[in-house]
Amino acid sequence: MTTAVDKRRRLIPRWRDYGRPRELVVRYLLLVFVLFITVGPLLWQLLSSLKGAGEDVFGAGASLIPHHPTLRAYREIFDQVPVWTYIGNSMVIVALSVTSQLVFSTLAGYMLSKPGWKGRKLIWVVLMASMMFPFESIMVSLFLSIRDMGLVDHLAGVWLPGFVAAINVLIMRAAFLAVPREIEDAAMLDGAGEWKRFRYLYLPSAYGAILVVTINTFISAWDDFLWPLIVLRSEEHFTLTLGLARLQSSSFGYDQRMVMAGSVISVIPVLVLFVITQRWFYRGVSSGAVKL
1 MTTAVDKRRR
11 LIPRWRDYGR
21 PRELVVRYLL
31 LVFVLFITVG
41 PLLWQLLSSL
51 KGAGEDVFGA
61 GASLIPHHPT
71 LRAYREIFDQ
81 VPVWTYIGNS
91 MVIVALSVTS
101 QLVFSTLAGY
111 MLSKPGWKGR
121 KLIWVVLMAS
131 MMFPFESIMV
141 SLFLSIRDMG
151 LVDHLAGVWL
161 PGFVAAINVL
171 IMRAAFLAVP
181 REIEDAAMLD
191 GAGEWKRFRY
201 LYLPSAYGAI
211 LVVTINTFIS
221 AWDDFLWPLI
231 VLRSEEHFTL
241 TLGLARLQSS
251 SFGYDQRMVM
261 AGSVISVIPV
271 LVLFVITQRW
281 FYRGVSSGAV
291 KL
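Quick note on the UniProt record's numbering: the sequence shown kicks off at 1 and runs consecutively.
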């Protein structure tokens with residue numbers, strides 16, 4: 001007979017439920033080490049950007065904690081640099097990239113998940129093979145194509161190479177493959193056409209994968225530096241990452257506090273987006289990894 005004391009004991013966590021104490025200590029030490037590697041540089045940039053004019057950012061005499069914290073570096077950035085113009089350009093590219101990636105990767109992933117048509121496996125193999133080539137290997141040919149189209153120094157020239165990505169197509173294909181075939185057969189018996197099955201059956205089951213594609217596209221489009229550096233010429237078309245890189249030039253006196261403040265400003269939208277959507281992001285990653 002189970003007593004109330006036995007029930008309470010079951011609810012109390014015990015050491016053996018989590019493993020041996022030594023293994024638990026090693027596990028938490030590893031987590032602290034990973035946290036230090038990932039969060040440490042960002043925290044150092046934030047603290048360095050808050051230092052006063054007389055405090056060293058680098059060198060043997062530099063301290064981690066600012067003695068006289070101030071927001072002077074942030075004020076000078078917004079006074080000397082058209083930050084809002086850069087943010088607007090970056091948001092335009094992000095909006096175009098997210099829209100095109102969601103529309104075309106979803107449609108392509110849906111078609112690749114449907115059996116019964118010739119060439120499906122060949123297209124899937126080509127998409128997988130295209131992921132093996134780094135961007136630097138096709139960068140010159142991409143620039144020549146953009147130049148021939150007359151899109152140099154235009155935001156469309158920055159967005160067009162990120163029109164759709166093979167990895168996002170494969171993510172959506174994996175999410176659609178996880179939908180049981182029996183459910184689609186039942187929908188067909190009820191008279192649902194192709195579009196209705198796609199809209200009301202497949203899309204709701206792939207919301208997690210759609211969120212993964214959205215976050216990945218947002219981060220890659222927002223943080224991209226190399227391609228905008230190659231395509232853009234005019235300052236009024238600069239993205240945020242490209243514009244804030246000018247803080248390292250001699251015109252701003254090589255003020256490392258402003259450089260650190262610019263880095264913090266550029267990473268804030270990504271952090272906010274990830275913190276808000278992290279729960280659905282991890283759920284979408286696990287659901288999209290069912291079948292590849």
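To be clear, the hints were calculated from the coordinates, so they are not data collected in a lab.
Please note that the accuracy of each hint is not assured.
What the hints assert, rightly or not - The calculated DMTMM-like cross-link candidates involving lysine to aspartate or glutamate, where the alpha carbons are at most 20 Å apart (straight line), are:
no.	residue 1	residue 2
1	Lys114	Glu184
2	Lys114	Asp223
3	Lys114	Glu236
4	Lys121	Glu136
5	Lys196	Glu184
Starting from Lys114, check that the Cα of Asp223 is at most 20 Å away, please.
-> Roughly 34 Å between the alpha carbons, so the hint for Lys114 and Asp223 is violated.
For the pair we were handed, Lys114 and Glu184, check the Cα-Cα distance against 20 Å.
-> Status holds; Cα separation ~11 Å.
Between Lys121 and Glu136, is the straight-line Cα distance small enough, at 20 Å or below?
-> violated, 27 Å
Pair hint outcome, Lys196 versus Glu184 [Cα-Cα no greater than 20 Å] | holds, 11 Å
Please work out if Lys114 and Glu236 have their alpha carbons no farther apart than 20 Å.
-> violated, 45 Å
Figure legend: structure checked against the earlier numbered hints; hints not met, in rising order: 2, 3, 4.
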